[in-house]
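**Q** What follows is each chain in one-letter form.
Number of protein chains: 2
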Amino acid sequence: MEITKENISDWLKGLQDSICQALETEDGSGKFKEENWIREEGGGGRSRVIENGEVIEKGGVMFSAVSGKTPDFLLKEKEHSVSSSSAQTESTFFATGVSIVIHPKSPLVPIIHMNIRYFETSNGTKWLGGGIDLTPHYIVDEDASFFHGKLKEVCDKHHYSYYSEFKTWADNYFYINHRKETRGIGGIFFDRVNQNEHLNFEQNFAFWQDVGKAFAPIYVELMHKNKGKAYTDDQKQWQLLRRGRYVEFNLVYDKGTKFGLETNGRVESILMSLPAIAGWVYDYKVKEGSEEQNTLNKLKKGINWVS
Amino acid sequence: MEITKENISDWLKGLQDSICQALETEDGSGKFKEENWIREEGGGGRSRVIENGEVIEKGGVMFSAVSGKTPDFLLKEKEHSVSSSSAQTESTFFATGVSIVIHPKSPLVPIIHMNIRYFETSNGTKWLGGGIDLTPHYIVDEDASFFHGKLKEVCDKHHYSYYSEFKTWADNYFYINHRKETRGIGGIFFDRVNQNEHLNFEQNFAFWQDVGKAFAPIYVELMHKNKGKAYTDDQKQWQLLRRGRYVEFNLVYDKGTKFGLETNGRVESILMSLPAIAGWVYDYKVKEGSEEQNTLNKLKKGINWVS
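Chains as they are written, first to last, in this note's numbering: chain E, 1 to 307; chain X, 1001 to 1307.
Some hints here could point you the wrong way.
[What the hints assert, rightly or not] Okay, derived cross-link-like pairs now, DMTMM-like style, lysine to aspartate or glutamate, Cα gap no bigger than 20 Å in a straight line:
#, chain 1, residue 1, chain 2, residue 2
1, E, K285, X, E1054
2, X, K1255, E, D17
3, X, K1229, X, E1054
4, X, K1285, E, E34
5, E, K31, E, D17
[Unchecked claim] Stretches of chain X that chain E covers, calculated by requiring three or more beta carbons in the stretch to come under 8 Å of a beta carbon on chain E:
#, stretch
6, 1012-1024
7, 1242-1253
8, 1274-1284
Bear in mind the hints are in silico, worked out from the structure with no lab data behind them. No residue lacks a Cβ here, since even glycine has one placed at the ideal position from N, Cα and C.
Isolated chain E, as found in the complex:
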């Protein structure tokens, strides 16, 4: 396809369709509810939210394509050395993407997040960004290796250094600094990619599409493998605490969330990422040698899951 903003947002809508379809099929009973919304300043979106499914307790697969006057701070963050000529600050932008967060009912099925986004300005800036990361309530080495292995496959197809670069980026990004814990087992993350020392824009675009296409088969496999397993009340309780950490990350650190809340974004779409229910216990201590402790021990940067 020719890479135009219209083609990109059409492709993302198709991706949203196919992901919702795959998730509904694996869930077995939950159905996405669709809502189309319009942004006053330009553009809009198509929200798809699922609640109280058989496997998925709460989740969203959100498409948006918005446009308007480019906010100054967006460009400045990376281009602070460039003097802000009026031509630059008065540019218009177009941004489109698909964002997904799935909170399963069972503590034995991991939380997953995926986002791919494209941003351009009338001045010629074109940026690709995205990532997939997994937050198991209980870390299972086999699943973690499967997950990272699949992401490595996607990356390796495009450039041999991408998995290692973008895995490190995810480790650093999905980090709850005040807890000194990663949010989960990471995955891949990249932002503001156009051409780089490895690939040109078209090649990076193909990689970006493959990240989007990888989501459904990966998560469907993890749902399928774990959804039937029995769990205890204690494990459900632990899930609430892990979800509490997820809330902490999203509200304190996540750049997309901050950006959305500060720029008068659609609150319900932005905070779709929060779980149906989450909990906090004062100074909770895990038992020595428990599965919970095993999980905490692995919420660290720099673990190599695909050796």
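Model the placement of chain X on the given structure of chain E, informed by the hints.
**A** Leaving out everything else, chain X in the frame of chain E:
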């Protein structure tokens, strides 16, 4: 008493004792657990946390007194016009305070927050700060008037303009901008007060002490009045959503929380403010004419509760 930092922190410890005593008595079964902690960089605190009481589901009455090298940004925020001489940036600080958040079990008992704090530097800065605000899950006009009436009494005893000034400050501070909602019905809030156009430091200190002393009788009265009332599962569900908003405020906006998390504060003490359990429902709509809608309608700045 002579106003020295030692006397202030001793007085605060006494206040913590008397508040815990009053809350335990009214709760009937819950007991505070105490933990003493030391801050590596200087000072420490005495945490008192109550969980699974008869009335209180989760709450903390936290005392701390910490010291160290004054962080630059703390002074700069208000004193940006003053050039930062090395004498100033290398000053030491002392900060002491009592912070309280109480999350009751019943949705018919309001959440309450109180904080009083004192800050000084070796350069002679002395600041008093504090406030009390109430977050009812369901706003009851009579309780709101009682609450604000008591705060007005405390303020009026010291200066006729304080209630109006500090009530407005609370309305603006306890505001969830992305929701366009106040956190609750507000209360009073003030920060960085030394002498001002109304009172000298000693007089403001007396006011500050009275704010601290007002907390227990006010909240005990609200517990007592509402704790025996029967409530429904739907009301309990609504409580989870209101607590979700509380989490949003604390993690996204609250300056004390941000400051604590960014300066390597004691995470468990800082996040004691979060409820045992909270919830989020996508795009939740209240029923026309319901008590929930009545509450949302009153989560606004500028309501006069003591006319």
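**Q** Let me make sure I understand: some of the numbered hints might not hold for this structure. Which ones are they, in numerical order?
**A** Per hint list: 1, 2 and 6 violated.
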